[in-house]
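Can you make the complete structure from the sequences, with help from the hints?
Which chain is which? The protein sequence lines are A and B, in order.
Counting from 1 along the first sequence, just add 119 to a position and that's the residue number in my numbering.
Counting from 1 along the second sequence, just add 9 to a position and that's the residue number in my numbering.
What the hints contain is simulated information worked out from the structure, not anything from laboratory work.
Ideal Cβ positions, reconstructed from N, Cα and C, are used throughout, including at glycine.
Careful: at least some of the hints might be erroneous.
Claimed, not checked - Derived Cβ-Cβ restraints for the label pairs, each shown as a range:
hint	chain 1	residue 1	chain 2	residue 2	range
1	A	160	B	151	40 to 50 Å
2	B	140	A	172	15 to 25 Å
3	B	37	A	216	43 to 53 Å
4	B	64	A	208	32 to 42 Å
5	A	160	B	64	16 to 26 Å
6	A	160	B	163	51 to 61 Å
7	B	135	A	219	44 to 54 Å
8	B	146	A	160	18 to 28 Å
9	A	206	B	159	16 to 26 Å
10	B	80	A	213	12 to 22 Å
11	A	172	B	18	27 to 37 Å
12	A	213	B	106	48 to 58 Å
13	B	113	A	215	14 to 24 Å
14	A	206	B	120	18 to 28 Å
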Amino acid sequence: MTLHHYLILAAVLFCVGLMGAFTRRNAIVVLFSVEIMLNAANLNFIAFWRYSDNPALLHGPMFTLFAIAVAAAEVAVGLALVIAVYRHFKTVDLESMDTLREE
Amino acid sequence: MSEQIAFWMLSAIAVLGALVAVRKRNLIHGVFALLVFFAGLSGLFLLLLAEFIAAVQILVYIGAVGVLLLFAIMLTERVAGDDGRRMTSRGSFWGLVVAVAVFAVLLLPAIQELPPPEAAQAIDPSVKELGHKLMNPYVVTLEVLALLLTAALIGAVTAAQGVRMPKEENSPE
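What follows is the structure, given as structure tokens:
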């Protein structure tokens with residue numbers, strides 16, 4: 120296995136996530152898709168670390184660890200926002216959320 | 010050889026899981042496909058000798074994020090998902106086009122004839138070493154992250170609670 124295999128796999132996963140974020144209407148599915156993209160980026164970090172000159176420095180795992188923690192915070196806030204918006208609009212359909220005002 | 014078999018199987022699991030997760034109409038099924046994707050990615054981390062990250066991936070994503078997503082779905086949509094209605098957004102064709110274009114751009118550097126760097130054969134990313142790194146060079150990052158998680162917790166609770174609008178007749182004017 121070379122670095123290229125992992126990079127191409129991460130590119131495929133990233134684009135699957137991008138496709139989901141661009142084509143679905145459900146806000147929760149868009150959140151999934153963002154998670155898929157973040158995980159593809161993490162795979163890139165780990166692959167580059169494994170194939171780097173000095174893996175003993177552990178830059179890759181540290182960066183990935185922090186990215187996972189930030190992604191966890193992001194998904195918690197994102198879902199809270201989805202629930203808050205659902206309260207107001209009674210839907211999670213992104214195309215019906217078309218105003219920022221109180222009606 | 011066995012590494013190659015493991016790589017291809019795990020990548021197939023991850024890609025299929027991701028595809029099913031973004032295309033499935035039933036959201037609960039979608040979340041379970043997403044969990045399969047996270048598990049496949051965790052296996053790939055193991056293959057790349059990042060054992061601790063693989064464990065964290067399972068704990069945080071399959072354990073926490075999956076449950077959070079399931080709860081959010083059960084709190085909002087009907088469990089079976091948006092039946093009968095259009096699943097994709099307006100202009101989703103262009104979204105697909107952009108995704109494919111981004112994929113092509115990402116592939117450009119990958120297909121260049123660069124000499125592939127050698128993989129380190131044995132790395133010892135012990136948890137002890139990671140802990141030392143967290144305490145010595147990365148301690149500020151760790152503290153900022155702790156602050157961020159606290160802020161995210163408070164923010165999530167505040168946002169999910171909803172804004173209570175003061176009643177207009179009770180206002181002092």
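Each hint, compared with the structure:
1. 160(A) with 151(B): 40 to 50 Å: 20 Å, violated
2. 140(B) with 172(A): 15 to 25 Å: 24 Å, holds
3. 37(B) with 216(A): 43 to 53 Å: 22 Å, violated
4. 64(B) with 208(A): 32 to 42 Å: 39 Å, holds
5. 160(A) with 64(B): 16 to 26 Å: Between residue 160(A) and residue 64(B), where Cβ atoms are some 19 Å apart, the hint holds.
6. 160(A) with 163(B): 51 to 61 Å: 27 Å Cβ-Cβ, so the 51 to 61 Å window is violated.
7. 135(B) with 219(A): 44 to 54 Å: With Cβ atoms ~50 Å apart, the hint holds.
8. 146(B) with 160(A): 18 to 28 Å: 22 Å, holds
9. 206(A) with 159(B): 16 to 26 Å: Taking Cβ atoms as reference, residue 206(A) and residue 159(B) lie about 24 Å apart, which means the hint holds.
10. 80(B) with 213(A): 12 to 22 Å: Once the Cβ atoms are compared, 20 Å apart, the range 12 to 22 Å for residue 213(A) and residue 80(B) holds.
11. 172(A) with 18(B): 27 to 37 Å: 29 Å, holds
12. 213(A) with 106(B): 48 to 58 Å: Hint violated: Cβ distance 19 Å, outside 48 to 58 Å.
13. 113(B) with 215(A): 14 to 24 Å: 33 Å, violated
14. 206(A) with 120(B): 18 to 28 Å: Once the Cβ atoms are compared, 48 Å apart, the range 18 to 28 Å for residue 120(B) and residue 206(A) is violated.
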